[in-house]
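Construct the complete structure from the given sequences, taking the supplied hints into account.
Chain by chain, the residues:
Number of protein chains: 2
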Amino acid sequence: MGIVGATGAVGQELLRLVLEREFPLKALRLFASARSAGKTIEQGGKKFTVEEAKPGVFGDIDILFLAAGGSVTRALAPDAVKAGCVVIDKSSALRMEPDVPLVIPEINPEGLRTHRGLIANPNCSTAVMLMGLFPLHRKFGLKRLIVSTYQSVSGTGAEAVRELEAQVQAHVADRPLEKKVYPYQIAFNCIPHIDSFGADGYTGEESKMAQETRKILGLPDLKVSATTVRVPVVRAHSISVCAEFERPVDLATARAAIAEFDGAELVDDPAQKRYPTPLDFAEKVKCGVGRLRLDTAFENGLSFWVSGDNLWRGAALNALMNAELMVRNGWLQPKAAAATA
Amino acid sequence: MGIVGATGAVGQELLRLVLEREFPLKALRLFASARSAGKTIEQGGKKFTVEEAKPGVFGDIDILFLAAGGSVTRALAPDAVKAGCVVIDKSSALRMEPDVPLVIPEINPEGLRTHRGLIANPNCSTAVMLMGLFPLHRKFGLKRLIVSTYQSVSGTGAEAVRELEAQVQAHVADRPLEKKVYPYQIAFNCIPHIDSFGADGYTGEESKMAQETRKILGLPDLKVSATTVRVPVVRAHSISVCAEFERPVDLATARAAIAEFDGAELVDDPAQKRYPTPLDFAEKVKCGVGRLRLDTAFENGLSFWVSGDNLWRGAALNALMNAELMVRNGWLQPKAAAATA
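For the protein sequence lines, the chains are R and L, in the order given. Residues in the first sequence are numbered consecutively from 162, following the working numbering. Residues in the second sequence are numbered consecutively from 162, following the working numbering.
Derived by calculation from the structure, the hints in this document are not laboratory data. Be aware that a few hints might be false.
As the list makes no split between identical chains, a pair holds if one copy fits it or if it spans any two.
As the list claims (entries may be wrong) - For lysine to any residue, the following SDA-like pairs were computed, each having C-alpha atoms within a straight-line distance of at most 25 angstroms:
hint, residue 1, residue 2
1, Lys434, Ser253
2, Lys341, Lys434
3, Lys187, Gln204
4, Lys384, Pro409
5, Lys304, Leu455
6, Lys384, Pro270
7, Lys215, Ala432
Being a predicted model, the structure only gives us computed values, none of them experimental.
See below:
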C-alpha cells in the first residue's frame with residue numbers, strides 16, 4: 162500500500178486509520194512532494210520515511226491512495242494505473258469521469274469490482290450528507306434536494322485549522338486578527354464561499370454536491386440546490402437537508418431506515434435535547450443524523466440534520482473503507498508482474 | 162417614552178439607538194425588574210435611574226417599548242394600553258394575535274395606523290430574512306420557502322455572549338470548557354436547536370419563522386420549511402434562503418429589487434469575493450444580501466444569503482423604526498388624560 166500526500170491533513174488521518182483499523186498490510190510506503198522527501202513520520206509506534214511522489218516509483222504497490230490535490234492526481238494517477246496499482250483518489254479531478262466509479266462503500270460498492278484501476282471518493286459534504294439521505298432515498302425515492310452546509314475549517318486543510326486557532330488566540334489576547342487562508346476572518350464569523358465561484362453563481366463545492374449526489378445515487382436528473390458555508394468549527398461538517406421524495410413518507414419508516422443503515426447513527430430525541438453536533442461527531446466512523454421531521458414545505462418531504470467527520474467519512478475513512486471492502490470481498494487482483502518493473 | 166427591560170441586551174441597544182438616532186424625546190424613562198430598580202445606566206453622556214416595571218407606572222408615557230420576555234409582556238401590556246401608551250413589544254407573546262399588527266416598517270407599515278395600542282415586532286431571524294425576501298416577493302410572488310439559519314449567540318442574550326467568550330478563553334488557556342446557557346458547548350460547534358421543540362419536531366424558532374412570515378407578507382398558505390441553528394458568532398444572524406416564486410424570475414430584476422429596497426444592501430460580486438458575512442453586518446442598519454442566483458431546484462427559484470444584526474434589525478432597531486415612522490407620519494395620537502391618572 163502507498164499513501165501520496167502523507168504529510169497533509171487527510172494523509173495523516175489515513176495513516177492513522179490504516180494502522181488503527183489494522184488493515185492487512187504487506188508493506189506501507191508514504192509519499193509526498195520533493196520538499197517533504199526524507200522526513201520521518203511516526204504513527205502507532207512505527208516510523209516511516211517519506212519518499213518523493215513521482216512517476217515510476219509505484220511498481221510494487223497494490224493500493225495507492227492519492228490524498229493530495231487534483232494536480233497531483235492528474236500528474237500521478239495514469240502512471241500508477243499503468244504500474245498496476247488500484248488508485249483510490251480523494252481529489253475532485255476524476256470524480257465525474259464516466260469510467261471512474263465514485264464510491265461510498267455502504268451505498269454503491271459495485272464500482273469497487275468494475276473499476277479500471279481508478280476509484281474516486283466523493284467530496285466531504287456530499288459523503289456526510291448521503292449518510293443520512295441514502296437510506297431515505299432507498300425507501301422513498303429522492304426527487305428534490307435543498308441543502309445548506311456548516312463546514313469545518315479542517316476541510317480546507319491544516320493551515321486553516323491553524324488560522325482559526327491563531328485568530329481565537331489573538332482575540333483573547335486582544336491583538337489584531339490576521340488572515341491568510343480565508344478572504345475574511347473565520348473566528349466568530351460565517352463565510353458563504355467554499356471553492357471558487359462558477360458563472361451560475363454557485364461555488365464549486367455547491368456544484369460538486371449536486372453532481373456527485375446525482376452520480377452516486379444514479380439519479381442524473383435530480384434537482385439539487387446547495388449553499389455551502391464555512392463556520393468556525395475545527396472538525397466535522399454538518400448539513401441541514403430538506404428533501405422531497407417520489408413516494409409518501411412517514412417518520413417511523415424513515416427513522417428505522419436511518420437506524421438500520423451502516424453509515425449512520427440516529428441521534429434524534431428532541432425532548433431529551435438529543436441531536437447531532439459536529440463536536441460529537443469529530444473522529445467518529447458513523448455520521449450522526451437527527452432533527453428528522455416531516456417537512457412543511459413539501460407534501461412528501463423530510464428534513465434532517467447530519468454531522469460527520471469531514472476528514473474521516475468525507476475523505477480518509479471513506480477511501481480506506483473502499484480498500485477494506487475490496488480486500489474482504491477478494492476484489493483486489495493479486496499484483497502481477499508490475500513489482501518487477 | 163419608556164423602555165421596559167432596559168438592562169437587557171435588546172434594551173441596552175434600544176437606549177443607545179434612541180439617543181444616537183436622536184428620536185424626538187419628551188422624556189425617557191427606563192424600567193426593569195425590581196432587582197435592577199435604582200441602578201444607574203449611563204448612555205450617550207446621560208444618566209438614567211432604572212425604575213421597577215409594574216402596572217400603574219406608565220401613565221405619562223406615550224410610547225412604551227417592551228424589550229423583555231413574553232411573561233413580562235403578558236403582565237404589563239394590558240395595563241400600559243389602558244394607560245394610553247402605544248406598546249411596541251419585542252417578545253413573541255402577542256405576535257400571532259389577530260388584532261395585533263406584526264410590523265416591519267419597510268414592509269407593512271399600515272399596522273402602525275390601525276393598531277389598538279399594541280404593536281408586535283417580528284422574531285430576529287424572520288426580520289433579517291425578510292430584508293432580502295420581501296423585495297423579491299413583491300416582484301415575483303413568493304410560493305415556497307426553505308431556509309437554514311446561522312444565528313449568533315447574542316440572540317439568546319448577554320449571558321450567552323459571555324458563555325461563548327468564556328469557552329473561547331478556557332480553550333486558549335487549556336482549561337475545561339463550562340456550559341450553562343446552552344445544552345452543548347457552543348465554541349467551535351453548531352447547535353441545531355433554538356427555542357423549545359414542538360410535537361412536529363420543529364423548534365419554536367422554526368415555527369415562528371413560518372408563521373410570522375405568513376402574517377407579515379399576508380400569505381396564510383405559504384409553504385415554509387426552516388432549520389434554525391446556533392453558531393459561534395457573537396452578533397448578526399445569517400440565513401441561507403431558497404425561495405420558489407409564482408412568476409418567472411430573472412437575476413437582473415431580482416438584483417435591482419434588492420438594491421432599491423430600503424432595508425437591504427446588495428453585496429453581491431462573487432468574482433471579487435464580495436458577499437455578506439455576519440461580522441460585516443453587526444451594528445449595521447441594513448441587512449446584507451448576496452450570493453443571489455437562479456435556484457437549481459426550482460424552475461422559478463432564487464437562492465440568496467442574508468446577514469443582519471439580530472439585536473438591531475431583529476429587535477431594537479425595528480421597534481424604534483416603527484416608532485420613528487409613527488412620529489414622522491403623525492400617526493401617534495397626542496396623549497390624552499392618561500398622564501393625570
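Okay, the hints, checked on the actual structure:
Taking the shortest alpha-carbon separations for Lys434 and Ser253, only the inter-copy value of 22 angstroms comes in at or below 25 angstroms, while the best intra-copy value is 37 angstroms. Taking CA atoms no more than 25 angstroms apart as the test, Lys341 paired with Lys434 passes between copies only; the shortest distance there is 14 angstroms, against 38 angstroms inside one copy. In this homomeric assembly, Lys187 and Gln204 come within 25 angstroms of each other (Cα to Cα) only inside a single copy, at 17 angstroms, whereas the closest approach across copies is 73 angstroms. When the C-alpha separation of Lys384 and Pro409 is checked against a cutoff of 25 angstroms, the pair qualifies both within a copy, at 18 angstroms, and between copies, at 18 angstroms.
When the C-alpha separation of Lys304 and Leu455 is checked against a cutoff of 25 angstroms, the pair qualifies both within a copy, at 15 angstroms, and between copies, at 19 angstroms. Taking the shortest Cα distances, Lys384 and Pro270 sit within 25 angstroms of each other inside one copy (24 angstroms), while across copies they are farther apart (38 angstroms). With identical chains, the CA atoms of Lys215 and Ala432 are never at most 25 angstroms apart, being 55 angstroms at best within one copy and 35 angstroms at best between copies.
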